[in-house]
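Visitor: Order-wise, the sequence lines are chains A and B.
Throughout the first sequence, residue numbering follows the UniProt record's numbering, covering 1 to 401 in sequence.
Throughout the second sequence, residue numbering follows the UniProt record's numbering, covering 1 to 229 in sequence.
Hints listed in this document are in silico derivations from the structure and should not be mistaken for laboratory results.
All figures in this text were calculated on a predicted structure; none of them were measured in a lab.
Certain hints may be false.
Stated by the list, open to error - Partner residues are not named here, just some residues of chain B that face chain A (Cβ under 10 Å, in silico):
hint, residue
1, 73
2, 74
3, 96
4, 97
5, 101
6, 102
7, 104
8, 108
9, 115
10, 126
11, 127
12, 128
13, 129
14, 130
What the hints assert, rightly or not - Derived PhoX-like pairs (lysine-lysine); straight-line CA-CA distance at most 20 Å:
hint, chain 1, residue 1, chain 2, residue 2
15, A, 374, B, 44
16, A, 88, A, 318
17, B, 180, B, 88
18, B, 209, B, 182
19, B, 173, B, 88
20, A, 374, B, 43
21, A, 384, B, 44
22, A, 95, B, 101
23, B, 173, B, 101
24, B, 173, B, 191
25, B, 180, B, 208
26, B, 131, A, 374
27, B, 88, B, 191
28, B, 114, A, 374
29, B, 210, B, 191
30, A, 166, A, 318
31, A, 166, A, 88
32, B, 101, A, 88
33, B, 191, B, 81
34, A, 239, A, 217
35, B, 182, B, 208
36, B, 101, B, 131
37, B, 208, B, 173
38, A, 166, A, 285
39, A, 389, A, 318
40, A, 95, B, 114
No residue lacks a Cβ here, since even glycine has one placed at the ideal position from N, Cα and C.
Each chain is listed here by its residues.
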Amino acid sequence: MKMFRKHVGSISRISTQLQRGPPTVGSIAGLSTEAEAAPKQERVDEKITEFRTAITNPGGHSPLQIAKFYTIPAEEKKRIFGGGGLPKQYELQIKTFTEACLMVRSPALELLQYIKQADLSKPVVRYVLYGENGVGKSLTMAHVLHYGALHDFLLVHVPWAPNWMKRPKETANATGQEGFIDLPFDAAAWLVHFKTQNAQLLQKLQLKTSKDYVWSKRESTPTGSLLTELVEHGIARIKYASETIAAVISELKQLSTAGQCKVMVAIDGFNAFFHPETRIFSDNKQRVTPDRITLTQPFLNITNYDWTNGVCILSVDKIAMTEGYMESYMPRYLLGKDGFEHLDPFVPVHVDNYTDKEFTNYISYYVDRFWITKTAPDLEDQLKFMSNKNPYTLMQLVRGL
Amino acid sequence: MLKRALIYGKFRTNGIYGSFENGTRWSRLMSMYPPHYAEPIFKKDSQNMEKYELAKLSHVPIKAALNSSSDTIFNAELKQKMLAYIVKCGNSRLARELLTKTFEQIKRAQIERKHLVKQDNGHAICIDAEKLLIQAIENSRPLLQLSSIKRGGVKYQVPVPLTSKKSYFYAMKWILDAAKEKDRKISLSSKLAWEILDAAHGQGRVIKKKNDLHRLCENNRAYAHYRWS
Chain A
1 MKMFRKHVGS ISRISTQLQR GPPTVGSIAG LSTEAEAAPK QERVDEKITE FRTAITNPGG
61 HSPLQIAKFY TIPAEEKKRI FGGGGLPKQY ELQIKTFTEA CLMVRSPALE LLQYIKQADL
121 SKPVVRYVLY GENGVGKSLT MAHVLHYGAL HDFLLVHVPW APNWMKRPKE TANATGQEGF
181 IDLPFDAAAW LVHFKTQNAQ LLQKLQLKTS KDYVWSKRES TPTGSLLTEL VEHGIARIKY
241 ASETIAAVIS ELKQLSTAGQ CKVMVAIDGF NAFFHPETRI FSDNKQRVTP DRITLTQPFL
301 NITNYDWTNG VCILSVDKIA MTEGYMESYM PRYLLGKDGF EHLDPFVPVH VDNYTDKEFT
361 NYISYYVDRF WITKTAPDLE DQLKFMSNKN PYTLMQLVRG L
Chain B
1 MLKRALIYGK FRTNGIYGSF ENGTRWSRLM SMYPPHYAEP IFKKDSQNME KYELAKLSHV
61 PIKAALNSSS DTIFNAELKQ KMLAYIVKCG NSRLARELLT KTFEQIKRAQ IERKHLVKQD
121 NGHAICIDAE KLLIQAIENS RPLLQLSSIK RGGVKYQVPV PLTSKKSYFY AMKWILDAAK
181 EKDRKISLSS KLAWEILDAA HGQGRVIKKK NDLHRLCENN RAYAHYRWS
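With the rest of the complex left out, here is chain A:
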């Protein structure tokens, strides 16, 4: 329970930080100190056309907005990414820059277009984001997630799946299934994340469970109770959190197939579920494979194509694996035979390094946020050369400038 409070505490901390800075337009206006009110307004507009866009709804993004920054309103950021979803270093940048800005990039637009045009009555389409380290797979996912949150998708979002395999908070033997491992705290934390992301929508839709869930002699969730009740039970009774997740996910599948809701599944580092081993040890001091963890099953279940009215956005990542399994970033290699067959057929979406325009805009954004204060004539060329236009490398290079 203590871990949990920490988790919730961090959410509130982020929110207070965000509240400190007003969203983009205001803060830009505030930064130009010497100008008066009227020219200030002009300057803001100018800046918006330069490398920012005023469209804060990802649904409105088109190729016109490519390589431009849009601001995620603080409220929405807190709701969607409060429990994770943005990389840690990016959160730090957000705090320093006093605004949560994402760049509109082509992989995200491609995905958004697919999702908009998809026929939801057909079995779910799995989109797999792949690419080198640090090209922005997670942020692409964040962009799409923001779209989903604004367009009435129920979000089933795993911010970083390898956390469960690599550094679980606590492990316990599963009660229900013999030889399986439970991660009660992580499961409960995920339920909290699910609840905060979808609280409004769940309130609106009033989704009901389709069958009885008997947890123990005294505890049970009867048919027809609300999905939120089920989730809350899982949060309150951490022991049953993993089973609750399985229940919630199977319920969601049924509900969406029945057309009561739309579901967006977003799992970052999905290939961790197919890693040959985890860092968890069983009772007989042997490493457990991911399929022996109770949390794996529901998320493999929901990435299957046997349901409709949903989309699955998965990312495969080299750093979701451990040493010795990181030779290539290609989905077939990272997922392995089993994983590939599980996902087959899927739509691969390649995330690449910045284009020249994106790179230039990023540099101007950094300059705008005072993150780069150096002015050398060939600054951009040098950074381009050093970073190979890789977003993460650029971030690492620029921090010491």
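Dock chain B against the given chain A, drawing on the hints supplied.
Guide: Structure of chain B alone, referenced to chain A:
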């Protein structure tokens, strides 16, 4: 790699190393170059010089540029020197990482400060970490030092002026020492960042140390003549 063409140089007079203030050239005793070799000029913007200067250089042999000296935005003379002082056991990669993190923290702290005071004079706050580092080092450079000199069987603490090279050395050493004096749980980068910020604003322990030394020198001014008599 730098081309040979970039390496043509001249006698450096503006750098902090390479010459004493009285004009005599300083060189290492075991240097591989004879003293008449000129320092290389690897910075592009200092290569634009007058014709007669170039003519002067055309027959002077020039030292090869160091591997580490390249004309990038990431290098600066004092920064490189500071880096060399941070290195332990030849682990310069770690040192570079530490200094990068230091700069990052300085920037974050300054930007936060800037946002706090943005209403009135936010533009007065310097965010450039490198400038702040240079400012900090300049602020903490001592002018004098006490050296013990024996006269008539008694040792006197005699105030002695420092060369510019030494004063830079002390400034950087003090800043680093102050940063190393920390709790085990605090990383060097964050402490160093605070020390640099303090020193750049003319406060903090390093500045105090410098002022203390100056005060001691001032108190011992009566012995100053022992330097030469």
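Visitor: A separate judgement is required for each hint: does it hold in the structure or not?
Guide: Evaluated hints:
no.: 1; hint: 73; in the structure: holds (5 Å)
no.: 2; hint: 74; in the structure: holds (7 Å)
no.: 3; hint: 96; in the structure: holds (8 Å)
no.: 4; hint: 97; in the structure: holds (9 Å)
no.: 5; hint: 101; in the structure: holds (8 Å)
no.: 6; hint: 102; in the structure: holds (8 Å)
no.: 7; hint: 104; in the structure: holds (4 Å)
no.: 8; hint: 108; in the structure: holds (5 Å)
no.: 9; hint: 115; in the structure: holds (6 Å)
no.: 10; hint: 126; in the structure: holds (8 Å)
no.: 11; hint: 127; in the structure: holds (5 Å)
no.: 12; hint: 128; in the structure: holds (4 Å)
no.: 13; hint: 129; in the structure: holds (8 Å)
no.: 14; hint: 130; in the structure: holds (8 Å)
no.: 15; hint: A/374 / B/44; in the structure: holds (17 Å)
no.: 16; hint: A/88 / A/318; in the structure: holds (17 Å)
no.: 17; hint: B/180 / B/88; in the structure: holds (12 Å)
no.: 18; hint: B/209 / B/182; in the structure: holds (17 Å)
no.: 19; hint: B/173 / B/88; in the structure: holds (14 Å)
no.: 20; hint: A/374 / B/43; in the structure: holds (16 Å)
no.: 21; hint: A/384 / B/44; in the structure: holds (19 Å)
no.: 22; hint: A/95 / B/101; in the structure: holds (17 Å)
no.: 23; hint: B/173 / B/101; in the structure: holds (19 Å)
no.: 24; hint: B/173 / B/191; in the structure: holds (14 Å)
no.: 25; hint: B/180 / B/208; in the structure: holds (17 Å)
no.: 26; hint: B/131 / A/374; in the structure: holds (10 Å)
no.: 27; hint: B/88 / B/191; in the structure: holds (17 Å)
no.: 28; hint: B/114 / A/374; in the structure: holds (17 Å)
no.: 29; hint: B/210 / B/191; in the structure: holds (19 Å)
no.: 30; hint: A/166 / A/318; in the structure: holds (14 Å)
no.: 31; hint: A/166 / A/88; in the structure: holds (17 Å)
no.: 32; hint: B/101 / A/88; in the structure: holds (15 Å)
no.: 33; hint: B/191 / B/81; in the structure: holds (19 Å)
no.: 34; hint: A/239 / A/217; in the structure: holds (14 Å)
no.: 35; hint: B/182 / B/208; in the structure: holds (17 Å)
no.: 36; hint: B/101 / B/131; in the structure: holds (16 Å)
no.: 37; hint: B/208 / B/173; in the structure: holds (14 Å)
no.: 38; hint: A/166 / A/285; in the structure: holds (16 Å)
no.: 39; hint: A/389 / A/318; in the structure: holds (19 Å)
no.: 40; hint: A/95 / B/114; in the structure: holds (13 Å)
Figure legend: structure checked against the earlier numbered hints; every hint is met.
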